[in-house]
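If you want the building blocks of each chain, they are given just below.
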Amino acid sequence: MTITEHVGTTEPVTVAVIGTGAIGQDLVSKVHNSPVLECALVVGRNPDSAGLRHAERLGYPTTAGGIDAILAAPRPFDVVFDATNAMSHAEHWRLLRPLDTLLIDLTPSKLGQMVVPTVTGTQTPTERNVSLISCGGQASIPIAHALASRFTAAYIEVVSTVASTIAGRATRLNLDEYVATTQQAISAFSGVADTKAILNISPAVPPATFRTAVHAVIPGATTEAVRAVVDAAAEQVRAFAPGYRVTACSVTGDRVVVSVEVTATSEVLPHYAGNLDIINSAAILVAEQHAARLGRTTRTGARR
Amino acid sequence: MTPVVIHDPTLRDGQHAVRHQLGVTALRGYAEAADAAGIPVVEVGHGNGLGASSIQVGQAAVSDDLMLSTVREALRHSQMAVFMLPGWGTSSDLRKAIAHGADIIRIGVHCTETSLAERHLGFLAEAGAEAHCVLMMSHMATPEQLAEQAAAVVGYGARGVGIMDSAGYFLPDDVTERIRAIASAVDVPVIFHGHNNLGMAVANSVAAAAAGAGIIDGCARGFGAGAGNTQLEVLVPVLERTGFTTGIDLYGLLDAAEFAERELMPAPPFTGSLSIVSGLAGVFSGFKHQVLESSGRAGVDPRDVFFELGRRQAIAGQEDLIVDVVAELSAREVAG
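Those protein sequence lines, which keep their order, are chains H and L.
Each residue of the first sequence is one higher than the one before, starting from 37 at the first, in our numbering.
Each residue of the second sequence is one higher than the one before, starting from 105 at the first, in our numbering.
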């Protein structure tokens, strides 16, 4: 069955991916597997990049022409994934804003409307720019939101650890944006004003599986009650990111700590790169829901 | 006689030993004593540096702003230094530190992850600040890797670069080899920061100076996590006898150490059993309090916890692994 037969239309929902690092490559692979999205262009800046070779092997058009190549397309793409860096995203948004394109931002620029699928849903905002916050945000906010909904939390702190081998240059240059954006998103979705975000890059060999520890100050919580709340939240996340699991949960006095690990289920990512898998899976979910609303498809995003 | 610059992080690294609880009076008193002794650089902050007050590592008693303004005011001759770990603090913390009159800003990164410092070193170079970069947990890299990483950070704008023996793992020959490799790769001062887990901190520091390090760290009474850091008031006279000049007044130095023992710490650090284990396991001594608490509650041997953290190659800042390791060891014991 071809994509056309699947979606029942001669006009597929076209997608472009800017950025050819690990995030970009995994996005291309996830779009490839999506029954409703068609990868129309993969954009990099270096003609020799491994990411462009990967896209070519899958049979997709590529260019090293940067954002100009997106703007030069005869018809605007329905969806553009931005997997570059926070500084470039501001410029990409300025240029794409006038077009009829949904921009989905994988960088921690904080410019678009923040989406955490199990917390906010995946509706397309009026301003067609969706921010996926950060990998640590995607992993921690479902837990922070669930804790804050059930208990009264005085403080929430989120510490994420990413393996060095998959922290690319953009990630390394955007640590400040990562911290500010993740912190702001945790406050926004938990309603707790006093929050903190920290990112560790682990050099361990073999590489460490992506993990996030959510610390919270909650007077009167019990381990059983916390466990029930976070297990339910994790179950919802697993609907689109199956490698998401709670590995430890402890309550000492008013201190609650919940550890989450995320493994990747992807053709291009190593299993430990759950940080990239969860943010990309969320991005694909947003794109597929958008595709459904464009009315050119008969199926919605049940990829897995 | 070769001059070396003594860099004193008592009021920053010592914080790990007292869960970041140093108060304003203690900060001011020690800074005044260090200034009077002619200690050229006094570093202040939360144990993990600017912006690092957290449940993960410990919440500080005093805000960064108050720590910096207190120490700045107390230092009339000495330079004030601060420390920042990218991913913990941000450029806005650096801007604040510059506004507070920090003379030297150290960016700390895991020894093989110096590209994490590129943005902040660039920012500091542009701001005209004296930026240094220290490679932490340096026992986890070869001398060649360290030399390569040191050259990279100088390229990013660092005007000083060096290594921290964060786990107190090195023996003097290890230090000699590493400092030589770094000194031949860069044309800026080379830093050595020792920990005393295996009783080698002073010997390692002398080896570093002899191998070409121009900036040596030491803390009053060795104030620092676990077994403590290089003991400053021992280091300085030993360096002088070895043929290095520090410009520090001996009695002033001894007075500052007396003050530190009396006002900063419940007791001076010593090499306890767990500090030996953390040194052997190659794990940052700062994990000690949390390892003891967590393993005590679960009834597992804290030594096993340190060795398991070593196997997982835990780096500074990864305190959240402790809970998981304790839970796993506890489950293993039940199953076994």
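Careful: at least some of the hints might be erroneous.
[Unchecked claim] Label pairs and their calculated CB-CB ranges: (1) L:E362 <-> H:Q272: 52 to 62 Å; (2) H:E260 <-> L:R176: 32 to 42 Å; (3) L:G232 <-> H:A229: 29 to 39 Å; (4) H:P83 <-> L:R180: 27 to 37 Å; (5) L:E252 <-> H:P278: 18 to 28 Å; (6) L:E248 <-> H:P278: 49 to 59 Å; (7) H:L131 <-> L:G142: 51 to 61 Å; (8) H:P161 <-> L:G403: 28 to 38 Å; (9) H:P255 <-> L:R263: 39 to 49 Å; (10) L:S196 <-> H:G289: 54 to 64 Å; (11) H:N82 <-> L:E248: 23 to 33 Å.
[Said to hold, decoys possible] Per the computed footprint, the stretches of chain H lying under chain L, defined by three or more beta-carbons under 8 Å from a beta-carbon of chain L, are: (12) 194-206; (13) 226-235; (14) 238-250; (15) 279-291.
[Unchecked claim] Some chain L residues near chain H, calculated using beta-carbon distances under 8 Å: (16) W192; (17) T194; (18) S195; (19) E217; (20) H243; (21) G316; (22) I419; (23) Q422.
Keep in mind the hints are simulated off the structure, nothing from the lab.
Backbone N, C-alpha and C define an ideal beta-carbon position, used for all residues, glycine too.
- Item | Violations among the numbered hints | 2, 4, 5, 6, 8, 10, 20 and 21
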